[in-house]
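**Q** What follows is the residue order along each chain.
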Amino acid sequence: GAVVSQHPSWVICKSGTSVKIECRSLDFQATTMFWYRQFPKQSLMLMATSNEGSKATYEQGVEKDKFLINHASLTLSTLTVTSAHPEDSSFYICSATKELEQFFGSGTRLTVV
Amino acid sequence: AQTVTQSQPEMSVQEAETVTLSCTYDTSESDYYLFWYKQPPSRQMILVIRQEAYKQQNATENRFSVNFQKAAKSFSLKISDSQLGDAAMYFCAYRSAKSNFGNEKLTFGTGTRLTIIP
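Respectively, the protein sequence lines represent chains U and B. Position 46 of the first sequence, counted from 1, bears residue number 46 in the numbering used here, the numbering being contiguous throughout. Position 57 of the second sequence, counted from 1, bears residue number 57 in the numbering used here, the numbering being contiguous throughout.
Read the hints as simulated data drawn from the structure, not as lab findings. Be aware that one or more of the hints could be misleading.
Straight-line Cα separation of at most 20 angstroms, SDA-like style, residue types lysine to any residue; simulated pairs [said to hold, decoys possible]:
1) U:K66 with U:H85
2) B:K98 with U:E99
3) U:K41 with B:Q8
4) B:K55 with B:A97
5) U:K98 with B:K98
If you're wondering where the values come from, they're calculated on a predicted model, not measured in any experiment.
Produce the complete structure using the sequences and hints provided.
**A** Next comes the structure, spelled out in structure tokens:
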């Protein structure tokens with residue numbers, strides 16, 4: 001298999017501040033990584049696709065200025081939630097593709113107070 | 001656009017029994033991949049089984065097997081000899097087989113919560 005590390009696993013921040021979530025592929029290089037958002041008892045909704053060295057592709061309805069994605073290397077992608085508000089509270093999951101399979105991070109629970 | 005539908009929000013099964021989770025999908029593509037993922041309470045997504053659309057043979061992984069009906073666009077998961085550790089949310093997912101950027105993304109169904117009754 002392959003290991004994807006996501007950090008932090010949980011974070012609480014004040015409304016109006018920014019939060020950065022990291023996603024690392026530990027034992028393989030990932031040219032493509034994905035960021036998902038999951039509301040309680042719901043499915044994973046794709047937010048954006050990030051490709052190393054180029055701009056991320058955002059899904060319809062996702063504010064790219066609010067959810068900044070940077071895929072600066074073949075092993076690291078970051079998601080920054082800017083000017084966070086309580087409605088941004090959610091579970092965020094990243095994944096990276098190796099061959100035909102997507103490997104998922106363990107997720108980050110963001111709570112904005 | 002592709003869609004994935006899981007019509008069973010919740011299912012339960014007695015330990016050691018067999019349960020089948022349903023999934024249907026809609027696509028205009030002829031080549032694609034289908035997956036079943038398990039999400040236990042830890043929220044870690046775990047791949048259970050994968051099926052390539054060009055393969056007629058149903059995939060199997062130990063106690064897990066699928067019934068892939070391409071014409072009907074159906075992809076059900078059968079869990080045999082259910083164990084307490086099988087309790088989780090199960091998501092069906094679709095992925096295009098096209099290799100260009102962005103087509104690696106997964107489209108998930110809404111999930112089925114499986115409860116195992118001791």
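**Q** Give a verdict on every hint.
**A** We went through each hint and held it up to the structure:
no.	hint	verdict
1	U:K66 with U:H85	holds, 10 angstroms
2	B:K98 with U:E99	holds, 13 angstroms
3	U:K41 with B:Q8	holds, 13 angstroms
4	B:K55 with B:A97	holds, 13 angstroms
5	U:K98 with B:K98	holds, 15 angstroms
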